[in-house]
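Work out the full structure: start from the sequences and follow the hints.
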Amino acid sequence: MKKLQMFLRMVGKAFKERKSRVAIAFFAIVVGVGIIASLFSVYYDISIKMSEELRVYGANLVLAPDSQTSNKEMNIKELNKVVNKFDKDKLVGYRPNLYGVVKAKTKGVLDVKKPVVLVGTWFDQVDQVNPYWKVEGELLANKKVDDEVVLGKEAAKKLGYDIGDTLTILSEKTGKQKELIVSGIITTGNEADNQVFVNLTLAQELLGKTNKINVAYFSVLGQGLRPKVKQINKTVDGIELETIKKIASSEGKVLKKIKSLMYLVVMIILLSTLLCVSTTMMTIVTERKEEIGLKKALGAENSNIIIEFLTEAAILGGIGGLVGYGIGFLGAQAIGQSVFDSYISFRIMVVPASFILAVLVSCLASIIPVRMVVDIDPAVVLKGE
Amino acid sequence: MFLRIIRRSLTKGLKSKLLAIIAIAFGASLATAMLSVSLNIGDKVNNELKSYGSNIVVEPVSESLPVKINGVNFNPITQNQDYIPEDDITKIKMIFWRHNIVNLAPYLEITAQLSNNRKVAVVGTWFDRKTRIPTGEKFNFGVKYLKSWWDIEGNWIKNGDNKGLALVGREIAEASNLSPGDELRLEFNINNQTVTKKIKVQGIIDSGGEEEGKIYLPLNILQQITGLEDKVAKIEVSALTTPVNDLARKAQQDPNALSDEEFEKWYCTAYVSSIAYQIEEVIPDVVAQEVRQISQSEGVILNKIKLLMFLVTIAALISSGLGISSIMTTKVLERRKEIGLLKAIGSSNWGVIALFITEISLLGILGGVLGYGLGIGFANLIGQQVFGTAISVKLLVMPIILILSVVVALLGSISPLRIALKLEPAEVLHG
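Residue numbers (the numbering used here), protein chains in the order written: chain G, 6 to 390; chain W, 19 to 449.
These are calculated hints, taken from the structure and not from any lab test.
Predicted, not measured: the structure shown is a model, and the values here were computed from it.
Quick reminder that beta carbons are idealized off the backbone N, C-alpha and C, glycines included.
One or more of the hints may lead you astray.
[To be verified] With the C-beta cut set under 10 Å, the calculated list includes, among others, these residues of chain G facing chain W:
#, residue
1, 29
2, 55
3, 162
4, 182
5, 184
6, 247
7, 270
[As the list claims (entries may be wrong)] Result set (PhoX-like, lysine-lysine): computed pairs, CA atoms no more than 20 Å apart in a straight line:
#, chain 1, residue 1, chain 2, residue 2
8, G, 77, G, 178
9, G, 162, W, 181
10, G, 294, W, 355
11, W, 268, G, 158
12, G, 139, G, 118
13, G, 77, W, 86
14, G, 294, W, 268
15, G, 158, W, 355
16, W, 86, G, 178
Take a look at the structure:
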């Protein structure tokens, strides 16, 4: 009992009497662990965060009727069936398209009609599925608007229309004619620039294809979509869901690079931080060789001294590790907020990991110099210079 | 005397300072590695993002509006289409930002009929073509590089293979039950005359895109069939670009609205819009358009990764600064006796400070140089491992690292030096 009291007093005093040294070591551990913890938190989240970011490229899956279907049309019910197969939080957005050729009156007095591609779609999904579209004016407010139209940039230029004008389109197949107000003009840099967009229901009515669509584009989060796609193709008949390789395979490549980059960087920082922390601990212990000599002269066993120093180091490392984790978590949030505009998720794993790492490093860093000093004859250390 | 003390302290006491030098070197190497990687990351990631394909499309100026669904022409009236002369393609490699042009491929597209009366788009292109540009340099251009995501069942077509080979989209192959090696009859309607051409399926394209519904032939073959010699309808260009900023947005509205100074700055920056502008300059009567899906997204991702690396670099700098300063603190504290002795034999506080500053600066420089060398090694390890290419070392990093190591080492010594100087010599020296 007495022994334990003495031991505790020695450890307590060691902290109390050497405040500036303890503060240096503590500071080193806290900052070191803080940096490591924040980088690891970010590292664990990087795949999810980057894959969310890479959705700016737009759709990565395309749904079309299978090659047996001759007219390349499918019922919109098929789309809903496929949508239900995805988790709500994984599905960023989906947008059906129905294509048809109609005639549009060019602007001017002459009654010139030009053929254009009419696309029926859902405009509320454009932001999710085609975030790169540049929209002048407005897209259609909801799925019910049936007197407005959005023109591709080239279509607008070559037909001669601007926002606010009224455009008449005529479907030769059904003989239906419709006057539409141009609400917006889109620039995409692909074939959508040549097309004319209306709400899906209106296009279905004009083309006489009730409830029909040609394709649907999906933007879905997550790597390894292939098994999911295969499974859906098996369970839903008459359709073919396919990954758009241009987006999906490039995404995989880019994600892999970024992940391995972060891994190496975090590892190098981890290594160097650990080295810095342990050199600090080492010098602080080396300084105390006189104290070790004195203790030995008073009759302490080698093992007593080692245990005492280890306890000190463990306490320092443990507290430093926990405080460091706290700072690291805040640091990770700072990175998450500024880079990804979202929080880095809390991972319980990192807490014990930082704690154990800090204790281990501080113990290891103090045990090496202590062992070197312990074997020396106390007289040599104590005689002074 | 001053110099002698310094020299002695660096020669005799070198062993005890070794730890400090090593610590500084490690800190400096970490800082060097991270700074080098961070300064280079934009270029590296930009190159990786090229796997998403072309970001500029060049087409002839045209009055007519294409009526195409998935490449199949639905325009009932055959109009005179405009074309770009094939010889003009290489001019793209001659613009101001020619080194940023990574790859390109020309296309000529025509609608043909399969034997089952199905209409398909037939595309003539370069697959993997060795092209000599007017400066004499040679490059390999073609869809093989531009469309890195194409999976080919069978083989790619080598250019120069003029034996009537074709790559067929997967959808067509499945619908007509074709596999590599099979033959296929295509019917073209050229000037109201039916031309039939037999081709051999060399490979099947699996891309998950509209290419699956098309047939690809070597450009010169399709030009012969259609009588459109030396003509192409579209060129896709993949260029390394700088993310768009306000200036680029302003220029995109109307390059002529820029002031001379702004114009020059815009023209000499590799924005996608300035590269497109330069392509329009060298090839007459074409429009070069950015593919927003690629160019816009590229900018977003690039900026994110740069910011991420910047923050990580700051973390690394803090970590290395911490290492250097804490080792200096303990090292100075260790030498209280020496400071006491110096004061006891009559040195002023300033004398001691000058001595330590000189010594620490020397340590800082020594450690910094060592660390710089080590850090370059680390940086290249990262570059090789992740991107398969070396990190180009910026000269700027060297002075930054030296200044950093010296300043941080000095900062770390300030407070212990103040403590040591406050002590009475007798107190420290009595043993």
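Consistency of the hints with the structure:
1. 29: holds, 5 Å
2. 55: holds, 8 Å
3. 162: At about 9 Å, which falls below the 10 Å cut-off, the nearest Cβ of chain W leaves the hint on residue 162(G) intact, so it holds.
4. 182: violated, 19 Å
5. 184: violated, 20 Å
6. 247: holds, 5 Å
7. 270: holds, 6 Å
8. 77(G) to 178(G): holds, 17 Å
9. 162(G) to 181(W): violated, 43 Å
10. 294(G) to 355(W): Answer holds: residue 294(G) to residue 355(W) is near 16 Å, not above 20 Å.
11. 268(W) to 158(G): holds, 18 Å
12. 139(G) to 118(G): The given pair, whose Cα atoms are some 27 Å apart, is violated under the 20 Å limit.
13. 77(G) to 86(W): Holds. Residue 77(G) to residue 86(W) sits at ~15 Å (cutoff 20 Å).
14. 294(G) to 268(W): Measuring from Cα to Cα gives roughly 70 Å; hence the hint is violated.
15. 158(G) to 355(W): violated, 81 Å
16. 86(W) to 178(G): Holds - the C-alpha atoms of residue 178(G) and residue 86(W) are around 17 Å apart, at most 20 Å.
Violated hints, listed in ascending order, are 4, 5, 9, 12, 14, 15; each of the other numbered hints is respected by the structure.
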